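Enquirer: Protein sequence lines, in the order shown, are assigned to chains A and B.
The opening residue of the first sequence carries number 1 in full-length UniProt numbering; numbering runs sequentially from there.
The opening residue of the second sequence carries number 1 in full-length UniProt numbering; numbering runs sequentially from there.
Derived from the structure by calculation, the hints contain no laboratory data.
Please note that the accuracy of each hint is not assured.
[Said to hold, decoys possible] Derived CB-CB ranges, DEER-like: (1) A/Lys393 - B/Val188: 17 to 25 Å; (2) B/Met255 - A/Gln344: 37 to 45 Å; (3) B/Phe190 - A/Ser30: 27 to 35 Å; (4) A/Phe28 - B/Thr296: 44 to 52 Å; (5) A/Ser340 - B/Thr142: 42 to 50 Å; (6) B/Ile34 - A/Asn94: 40 to 48 Å; (7) B/Val308 - A/Asn73: 40 to 48 Å; (8) B/Leu319 - A/Gly388: 36 to 44 Å.
Predicted model only: the values in this text are computed from it and were never measured.
Heads up, the beta-carbon is just placed ideally off N, CA and C, and yes, glycines get one too.
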Amino acid sequence: MAVKEMLRNVLHELKDPVLHMEGISKTFSSVTVLNNVKIELYPGEVHALMGENGAGKSTFMKILAGIHTPDDNGGQIYLKGKPILWKDPVEARNKGISVIHQELNLSPNLTISENILMGSVFPKNRLGLVKWEEVHNLAQKVLDQMGSNLNPRQLVSTLSVAQQQMVEIARALSFKAEVLIMDEPTASLTDKEIKKLFDIIGDLKKQGVSIVYISHRMEEIFKISNRFTVLRDGEWIASGPIEETNPDHLVKLMVGRDLKDLFNREKPSHPQANGQKAAPVLELRNISDNTIVKNVSLKLFPGEIVGLAGLVGAGRTELVRALFGVSNLKSGEILVGGASVKIQSPIDAIANGIAHVPESRKEQGLFLSMSVKENILMAELKKHSKSGIVSWKEVNAAADSYIKELNIKIASPEQQVSNLSGGNQQKVVIARWLSIAPKVLLLDEPTRGVDIGAKTEIHKIVSGLAEKGMAVLMISSELPEILGVSDRILVMSEGRITGELSREEATQEKIMYLATRGE
Amino acid sequence: MRGNTQTISQKPGFHIGNALNGLWNRLGMIMILILLCVVLSFTAPNFLDTANMLNVLKQVSIIAVLAAGMTIVILTGGIDLSVGSTVALSGVISVMASSAGVNPFVAMLSGVAVGYAVGLINGFFTAKTKLPAFIVTLGSFTYVRGLAYVISGGYPIVLQNETFKFVGGGAIFGIPTPIYIMLFVYVVMFFILKYTMFGRHIYAIGGNEEAARLTGIKVERSLINVYSISGLLAGLGGVVLAGRLYSGQPTAGQMYELDAIAAVILGGTSLTGGKGKIQGTIIGVLIMGVIGNGLTLMDVNFYWQLVVKGAVIVAAVLLDRLRGNSAA
Ligand SMILES: Nc1ncnc2c1ncn2[C@@H]1O[C@H](COP(=O)(O)OP(=O)(O)OP(=O)(O)O)[C@@H](O)[C@H]1O
Ligand SMILES: [Mg+2]
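Construct the entire structure; sequences and hints are all you get.
Expert: Structure follows, in structure tokens:
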């Protein structure tokens with residue numbers, strides 16, 4: 001098997017690359033983001049593009065897709081050996097370059113079908129009217145190929161983030177590409193969907209499609225890639241066959257120094273673990289909402305991190321949103337510090353010391369055209385204001401300290417958040433919620449799209465907050481994260497809590513068993 | 001799309017063209033305003049006279065006050081079509097109050113208060129019912145004008161009080177009173193947008209309402225306040241106009257809402273919300289005022305003025321877009 005793989009790699013070297021880029025440089029308003037980087041893509045390979053948040057991966061691929069143009073004299077793209085320069089993304093697409101973008105780019109008020117087939121010509125009848133039946137059938141075919149049971153007639157606005165990601169993938173697969181760029185396609189998917197995606201990738205490889213795969217999840221990289229390229233701070237660092245490296249080595253190339261593996265929480269020091277009796281900060285009694293959540297009861301104690309695991313659509317996000325006052329409860333009771341409270345809006349939740357990092361930073365978290373510092377302090381402007389007048393001096397100082405604490409990589413605190421790399425945007429949202437010093441922190445996929453170094457930092461920060469007495473409820477689709485950080489793990493399936501595992505007894509298998517129990 | 005200006009400015013040597021290009025990128029609409037003034041100083045007699053300049057400022061002052069309110073409404077991603085009608089209702093009511101023998105200050109205040117009330121109702125419906133602002137304020141555009149007709153009986157009401165007249169037609173140190181009012185409104189609005197929580201929340205709501213709500217910002221209350229302020233400023237505009245016309249007229253202020261919206265857009269504020277500055281709006285107001293004044297001086301008739309004005313609005317925004325793209 002391994003020999004076969006190696007043989008194939010050798011063959012790659014002999015074949016001509018379908019596409020290569022050389023000496024690519026890109027400067028955004030005098031900040032150099034890419035400096036002389038290169039990549040070679042061979043037919044039928046999965047090429048892992050690795051690097052920390054802000055290393056320039058997405059920018060590099062956006063140049064390949066014709067979304068950005070390189071600087072003057074800033075390198076050249078060659079398609080089958082011939083130099084080319086895209087006029088626009090449409091031209092790149094017509095030449096067989098397809099992209100799954102890191103940030104979701106769907107039109108919420110259109111159907112799944114329209115989103116999937118957007119940009120291609122819809123089948124029309126003789127009067128020039130769109131034949132909707134056929135449009136839906138075409139979309140259905142793509143969805144079937146992915147093993148997805150989504151209804152192509154549904155509006156995208158009604159979908160969860162993970163489902164939207166599936167639509168985004170379907171769109172990229174809907175036309176025949178020679179080069180397929182996947183920029184963190186699995187960031188909000190769970191194991192079940194990821195498995196399907198990998199099957200599809202396997203098929204595409206056989207068909208000779210060349211795939212660029214960007215992910216911060218190390219296991220995935222070693223499961224599916226043939227070769228890798230590492231970028232660091234906009235520079236090309238290394239490329240090679242995946243067999244010539246290992247996770248530690250890759251991380252070292254990416255970070256430029258040795259880094260311990262995934263963060264593993266020390267022996268937790270919360271009262272429960274130490275056998276003391278403590279009162280829960282937050283208690284849910286028989287909570288149901290109007291969508292999926294049914295009869296959920298749970299207790300959160302000060303100083304503990306509780307992981308909330310489950311498949312996509314299990315109702316984890318819905319539960320947390322109801323708890324934060326975003327959606328209404330149908331029945332049940334919420335107690336904070338032992339007293340029953342009414343939470344009808346995020347304002348009520350915040351007043352009760354509850355903070356919430358939502359799952360979709362772009363739609364629910366960020367003010368994209370505002371500065372980094374204001375994004376961080378938007379929930380806490382009041383603390384830095386006197387009778388409604390903001391003290392910018394205080395805001396700047398506070399923002400600086402969070403930027404340092406979370407190691408957010410930016411040109412300046414005045415920079416527009418929309419220009420940050422995905423992982424750094426995520427850190428900005430987390431920083432905002434740390435700024436209100438909550439008693440209960442609800443995290444919905446807190447490290448989605450965050451690199452290993454930053455992930456470790458975020459885990460350390462969350463862990464440190466728990467040590468100081470905060471109660472944390474963390475949703476994550478990444479089981480290693482759940483296992484590494486949680487003191488206790490709750491598993492949800494079809495809106496109910498189907499089990500609880502202590503840190504000691506929890507394994508990936510046990511979690512998956514509880515998560516699929518309804519099926 | 002490529003940052004050509006950037007590469008040019010890195011080259012050594014000085015070129016007039018390059019310098020202009022740089023200025024253009026930095027100043028944009030101000031350059032258009034200056035350009036217009038330069039052209040008009042050659043083509044329109046007496047354009048640059050102090051008296052004429054003061055006249056331009058006086059003429060734009062009411063639209064300017066409305067546009068200040070319109071700016072914050074548009075920053076939240078909304079629109080307020082009712083301000084022109086509110087100008088009429090405020091004028092009618094305040095002049096009637098004055099004629100009834102009420103203290104002139106109280107009479108003027110009543111006009112402002114009526115505007116505030118109209119805005120409050122707009123804000124309440126926009127924030128609470130989630131109806132589009134366009135629909136809500138289209139409704140008040142109509143019913144407020146209707147009220148102005150009903151209350152006045154359809155005829156202008158003559159203003160007698162001298163203090164009241166002074167607010168619209170008087171001058172202090174040779175400068176017309178409305179100019180002071182306009183300046184005051186813009187200074188206060190600049191301060192609100194830049195230095196208050198309310199101002200920053202306006203940007204946040206316009207940028208991403210869902211995120212604002214999840215961040216614990218009181219979205220509904222902010223929206224109600226925004227529309228109330230727009231209404232209040234329209235009320236103020238109505239009082240000043242009545243003072244200038246020496247009467248409260250139910251037909252006053254027609255199309256003012258469109259001029260205000262045009263000024264805001266010329267000033268670079270995005271119609272989708274979250275982006276824009278009050279400084280831009282005043283430039284937009286001045287561009288519109290300068291064109292109108294210049295054409296009048298050049299004896300162009302009013303009908304043709306409308307044609308030119310419309311063309312200039314579209315052309316200016318287009319130019320500004322081009323600038324935005326090349327700077328990105
Ligand atoms: N339009 C832009 N203007 C200014 N700076 C930008 C722009 N786009 C990206 N950058 C900067 O370029 C750098 C690289 O960003 P990029 O999105 O390519 O990183 P990335 O490797 O994809 O990171 P991540 O893993 O977080 O997605 C970042 O520092 C970012 O702030
Ligand atoms: Mg990226």
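Enquirer: Flag every earlier hint the structure violates by its number, smallest first.
Expert: none
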